[in-house]
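Sequences listed follow chains A and B, in order. Mapping to our numbering: the first sequence position 185 is 185, numbers consecutive. Take any residue in the second sequence, count from 1 to its spot, add 275: that is its number in our numbering.
These aren't lab readings, by the way, just hints derived from the structure by calculation. Worth double-checking, as some hints may not be accurate.
Pair by pair, the computed Cβ-Cβ distance ranges are [unchecked claim]:
| no. | chain 1 | residue 1 | chain 2 | residue 2 | range |
| --- | --- | --- | --- | --- | --- |
| 1 | B | A393 | A | Q32 | 43 to 51 Å |
| 2 | B | P415 | A | N122 | 34 to 42 Å |
| 3 | B | K464 | A | S76 | 20 to 28 Å |
| 4 | B | L375 | A | N122 | 26 to 34 Å |
| 5 | B | V288 | A | A130 | 50 to 58 Å |
Derived DSS-like pairs: lysine-lysine, alpha-carbon spacing no greater than 27 Å straight-line [as the list claims (entries may be wrong)]:
| no. | chain 1 | residue 1 | chain 2 | residue 2 |
| --- | --- | --- | --- | --- |
| 6 | A | K129 | B | K464 |
| 7 | B | K464 | A | K91 |
| 8 | B | K491 | A | K73 |
| 9 | B | K450 | B | K464 |
| 10 | A | K129 | A | K143 |
| 11 | B | K491 | B | K453 |
| 12 | B | K464 | A | K84 |
| 13 | B | K464 | B | K453 |
| 14 | A | K73 | B | K453 |
| 15 | A | K39 | B | K464 |
| 16 | A | K134 | B | K464 |
| 17 | A | K129 | A | K91 |
| 18 | A | K91 | B | K453 |
Positions of the beta carbon are idealized from the N, C-alpha and C atoms, including for glycine.
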Amino acid sequence: MMQSNTPNTHLPSSSLEARPIVSVRQVSMVFQTGTVALKDANLEIAQGEFISLIGPSGCGKTTLLRLLADLIKPTSGTILISGKNPEEARKSRAYGYVFQAPTLMEWRTVLSNVMLPLEVMNFPAGERKARAEKMLALVGLEKFTRHYPWQLSGGMQQRVSIARALAFDPQLLFMDEPFGALDEITRENLNLELLRLWRETGKTIIFVTHSIPEAVFLSTRIVVMTPRPGKIETVIPVNLPQPRTFETRELPEFFQIATEVREALRKGHGYEVTE
Amino acid sequence: MTRISPQLGPMLVVALIVLALYWPLMYLANIPAAQRALDTGAALPCKTAFECATQLRSPVLPSPQQLWNGFRNLMFPLNSPNAIPLNAAVTALETVVGLLLAALVGFFFAIGIVASRAFERSLLPWIVASQTIPVIAIAPMLVVLLGQYGVQGWIPKAIIAAYIAFFPIAIGVAKGLKSPDPLSLDLMKTYNANNWQTYLMLRFPASIPYLFTAFKVAMTAALIGAIVAEISTISFQGIGKMLAENSRASDVVAMWVIMLSSAVLGILLVALVNWTERLVTPWQRAKVAATPMPKQARVSKQEGG
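Isolated chain B (complex conformation):
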């Protein structure tokens, strides 16, 4: 936990700077709207456009005070189906399950890509093509399709999250599996190691750092996938469902609060990946903590000598 506190300081500084820049921007955006409201004689508890700028019912940009109030309204009660915590938990569940599913599929694809050129050549273009289809287009169709087989609720959203997340994982892990240098592969050959042993003792462990880098990219992608899936299908729970509802109700402040909350959720989920990474790669944890020694020059070898 000592590693989190040094990160918190810089984060707060950035938050303060953003807030300082946001304030004048908010006035700039809201004053014309406030003037218009005053001109039309709307019942406002304020006299000047400047005063009203922070109190509009649907502001162009919400004031920090409005955001804070909206945040308090939407956070509690914690277990309310209309509050953020429960819905964020559902979205987080979809995202994490989606990511694990993506890891499973991505790993198999990665092994395929590394083990067989034919696999790479025949399937990779289709995989790339699959990633260019917008989630918003494919999500409703997938939900209908899965609904045919009784798969409902959060599971289709997890599958859609996985659909987006598996690609960076497959590519990242494939790169990791290919990362051992030729000398290390020669070394395994001198031991007469079989293919399985080379994967188990060299390629898999070498791919772990790549896997986690891919996880960080994939986690944010999966979160977006889950939210978009919630928005574009019939949902009863989740951040996306809240966004859709409040969009229909034109509640600008709530939209902002939910958006910021999902950003916080993203930060927490990526932090979860970082934390897991430190747990499973103790050799790197030590490396980060101390100043590393200059790395030994790797001599590439083929005909040298």
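Bound conformation, chain A alone:
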């Protein structure tokens, strides 16, 4: 499963006829402070899609991801993940989560960090190492298994964290601005790597970002979110050819879609919020 080479070739952006792996219906989230972080969100995500949530700070994109992951509970509405509620989904280890920071444990080596979820989930001892090594090879870090996290660059640390999220072979991958703290060059490289990973593993990825080019380059669909209250403004399909390469960024369609996203953000007053 983990390495099933079912490639995500040309997933039609409107492939909603397939069984939705994530279904969000009328979900709202009001924090104790009274902040409406998310209002009446509706979203269906099909197996194998690459969905980006984009918007300025305070638009609820991280909130939506945390709701899907059962790190917080919605005030109202229903969320289903492969037909289960988020808590059941979390308990059945349906998803891997990549945070803004690599959150590696500094006392563990790279290999041991990737083995962490497998230890928590009581994988057989013999299998842990094999799986972790395979995942590290997948992110191109097979030569760094014995290093400690601080010995790696920020980009490499984030790759370890991606390998860790994939180690137990979840169907879903949640990524919360994973490359936000990295420089532009590293980020573009990691974007390419992430797409390769997505093609090779067939995972469904939900990716939070506030970079428009990043969202357009990666996604099959872009969920544009706007603040006050946080809501889904519109969903924009991205019909750029797969597999995407460095040249994809030069295509006229690329700029067209980027413009479309920008206009949707402006329409929802996404530009009025200063960070």
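Following the hints, put chain B in place on chain A, whose structure we already have.
Chain B alone, transformed into the frame defined by chain A:
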């Protein structure tokens, strides 16, 4: 061992500076006393106050030469019950056992503080109060109490050392257990880790550096606790017993020698903690050895995005 030698140089420089400052101070303090001794016609093998300043039987401040002689007298024979080595070993034993005992108790308190607010609110004030009672007051009573149950010798002193040392350990470890950032705790939640796993794989390892910082504070506190306990109770062995004896005998030089020896003992015990720390935290050893990379900006998260 390569790490000890670079520390030795600066230490020696400080020792030399202290010695250079001490010398004139010693003369300043001793010359009036020497003059008085000469005036009263005491039998001294010297003519002038300046000469006698370094040869008084009970000097205000001992001369380095007197210290050196006193040191040689008190160090040997190594296994003599009246020499420093054996007594220092007993005090070191009390201190280390006290520290381990304190670590055990401190750890339980730390877990209590982290796991339960009720525990923290109801017990922490009493723990703080317990630390304000002077050891010198509580030590004799504890010895009497423990003596009732046949606990004698060095063990009561270790318990008193532990009594002083457990507080910094409890507070330090509690802070360490709370140190994992919210994202790391979220990460464990996404794995559906249970409480025990979160402690075992995240909170305990994260608290180790805090534990050792606390150990360094607690070690010196425990040493003082052990010595004070020895002084304030009936003791047959230990640095504190030597101090008490020589205090009664008004042997100023010996007092200074013992005091300096206990300082050296303190340095050695803290070095022992440092050495243990390097042994059990290999990831930090490497970090100290090399220039660390700039730390990744930690993005704090709640409603962001």
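Each hint, compared with the structure:
Take A393(B) and Q32(A): their Cβ atoms lie about 22 Å apart, and the range 43 to 51 Å is violated. P415(B) and N122(A) have their C-beta atoms about 54 Å apart, which leaves the hinted 34 to 42 Å range violated. For the hinted restraint 20 to 28 Å between K464(B) and S76(A), the CB-CB distance of approximately 22 Å keeps it satisfied. The hinted window of 26 to 34 Å between L375(B) and N122(A) holds, with their beta carbons roughly 33 Å apart.
Taking 50 to 58 Å as the suggested C-beta distance range, the pair V288(B) and A130(A) conforms, at roughly 55 Å. Using a Cα cut-off of 27 Å, the hinted pair K129(A) and K464(B) holds, with the two alpha carbons roughly 22 Å apart. Restraint check for K464(B) and K91(A): satisfied, since their Cα atoms lie roughly 9 Å apart, inside the 27 Å limit. A C-alpha spacing of about 44 Å is found between K491(B) and K73(A), which places the hinted pair above 27 Å, so the restraint is violated.
A C-alpha spacing of about 21 Å is found between K450(B) and K464(B), which places the hinted pair at or below 27 Å, so the restraint holds. Only pairs whose Cα atoms come within 27 Å are accepted, and K129(A) paired with K143(A) is accepted, the gap being roughly 14 Å. Restraint check for K491(B) and K453(B): the C-alpha separation of about 20 Å stays at or below 27 Å, so the hint holds. Among the hinted pairs, K464(B) with K84(A) is consistent with the structure: their alpha-carbon atoms are about 17 Å apart, no more than 27 Å.
Under the criterion of a C-alpha separation no larger than 27 Å, the hint pairing K464(B) with K453(B) is consistent with the structure, at around 16 Å. Pair hint K73(A) plus K453(B) holds up; C-alpha atoms about 24 Å apart against a cutoff of 27 Å. Between K39(A) and K464(B) the alpha-carbon distance is near 25 Å, which keeps this suggested pair within the 27 Å criterion. A threshold of 27 Å between alpha carbons decides the hint, and for K134(A) with K464(B) the separation of about 24 Å falls inside it, so the pair holds.
With a C-alpha separation of about 23 Å, the suggested pairing of K129(A) with K91(A) holds against the 27 Å cut-off. The suggested pairing of K91(A) with K453(B) holds, with an alpha-carbon distance near 24 Å, which does not exceed 27 Å.
Comparing the model with each numbered hint stated earlier shows that hints 1, 2 and 8 do not hold.
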